[in-house]
Amino acid sequence: MATRSRSFYVLGAFFVLFLLFLYGPTFTIAILSFQGPQGGLTFPMRGVSLHWFFDLFQEQAVGDIWGSFRRSFALGLMVMVTTVVVSVMGGLAFRKRFAGNAVLFYLVITALVIPSILVSLGVGLIFSQAGLPIHWASSGFGSQLTWTLPFGLLIMFAVFNRFDKSFEEAARDQGASNWQALRHVVLPIIAPSLIGVALFGFTLSYDEFARTLLTAGSYNTLPLEIYGMTTNVTTPVIFALGTLTTAFSLVIIGVFLLTVWSMNKRRAKQGSDAGKGMV
Amino acid sequence: MRAGETNRHLSGWLLASPLTLVLILFLVLPIAMIVVVSFWQATEFSIIPAFSWENYDFLFGSPVTYRVFGNTIKYALIVWAFTLGIGFTVAYFLAFHVRTQTWQIALFLLCTIPFWTSNIIRMISWIPFLGRNGLANSALISAGIVDEPVEWLLYSDFSVILAFVHLYTLFMVVPIFNTMMRIDKSLIEAAYDGGASGFQTLTNVIIPLCKPGIMIGTIFVVTLVMGDFVTVRFMSGSQSANVGRLIQNDIALLQYPSASATAVVLLITVLMVIGILLRFVDIRKEL
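Keeping their order, the protein sequence lines are chains A and B. Mapping to UniProt numbering: the first sequence position 39 is 39, numbers consecutive. Mapping to UniProt numbering: the second sequence position 6 is 6, numbers consecutive.
Chain A on its own, in the form it takes in the complex:
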């Protein structure tokens, strides 16, 4: 192995600084959320306690945190399932050129680049002019899909660009119908990427703020609740909440990554040994 060049160490140091920049603030509020009861929003720590975490469990101290958490969780699951199903269907559709596919593609790009406050404002206006009540599970749900679907679809493009069509053709040659080829060949092959789409669907919805601002109705989602807290809460309780939801996000990400990892591992184990016999 060749010795490392000097640029490796310079760039390596830059990378470490970047990671510090990326994670430093989050670690800081994680530490500060353990402030003693007299502590404030910055250092020094005045003792170490779980005081602010206990505060989160007292409804009157922080408002409807747990209700909003339940709503965000439910909405995240709804968006996740819809995103996976609709993105896979969309990805399959775009494998062949159909009339108008370019228009639809530019619509997807528009959904990706449009300032989120426009979606919020427009959906809110439509619901109010149509006399429909806005609610996180109807207008909020739809608004969030305009953000998660483009990501899901772009991932599906990436997946199908790398997809080896000969597997599918082999299945058809063996007499499989279109549906059988899809169900037993295509879907199992792309399954790990679907976990990725699901991760995007859930976390982007769970953390979405701008698109739900004017479309959530009278019941707040968690990011809206946190946003409200930033204007009137001046104690470390907001750090405790931040630490808790970041920890929750990390657990979710961990679960998804573990699933992909174990899927790949199982696949490697059960996979064909063709070609290995000669070695």
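These are computed hints drawn from the structure, not numbers from a lab. Every residue gets a Cβ at the ideal spot worked out from N, C-alpha and C, and that includes glycine. Don't take every hint at face value.
To be verified - DEER-style ranges, computed between Cβ atoms:
#1 167(A) <-> 269(B): 17 to 27 Å
#2 81(A) <-> 24(B): 17 to 27 Å
#3 85(B) <-> 133(A): 46 to 56 Å
#4 27(A) <-> 146(B): 50 to 60 Å
#5 179(A) <-> 74(B): 19 to 29 Å
#6 208(B) <-> 129(A): 49 to 59 Å
Unchecked claim - Chain A residues, not near chain B, derived (Cβ > 10 Å throughout):
#7 24
#8 37
#9 46
#10 57
#11 186
#12 191
#13 195
#14 263
Since the structure of chain A is already known, use the hints to place chain B on it.
Below, chain B alone, put in the same frame as chain A:
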């Protein structure tokens, strides 16, 4: 063959119909609604269907508009320059200096994980750093660099740009890393064999080949910054304004027609920028 042709279009549309439906209901109709409402009139408590250029007259007649649009573009350009510089360097390190694939994946994941956590929490977490009594000020004072706490660290353009760079550098790292990983390593060896220095290889081989990734990252960063209103409100302590804030203020005052007119102008601006950027890259091919 003609039957097969029809069949292909039909199955394409059937598969794409849920996507189309969502986009029509929650993207096309809302944009159309905003365009319509931008010609309406408003009283203090209701909006009235009408056709009037009043909102646009007011928008283009007010010096505030130009200042705020100028400010928005300033943020977009500065943030773009920083995220590109940092993002490219990080991606370059990952793609060309990390040698095993396992480490590449692990470090890449480490760079992307914050993307899946809450932006608002990530903004809040700058407070203990930048505040009057924050870590940065304590460090500066104890190092003897300043005597008084520096006031402009928090609630200023500085903190707004810092937060943007913190939130959005990932959007540069991921696409640039993606294109770098596809560069054929023999091209780089060929450049070295041909006598190019490391810097020449970078500017003549690697950067041109990374252009699609740079363009995709640019599209993300520019549109996210131009459409933002939360980061600017929160990190400037409501002291700076961008177009998103202008829209949000009108909404808070229930002035939906004037909010809509501003939104239309913002949308046209963003789409023009994207239109130009898309000329340099075919997104569907690059994924």
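Inset, instruction - Quick one: which hint numbers does this structure break? Sort them smallest to largest. - result: Of the numbered hints, 1, 4, 5 and 7 do not hold.
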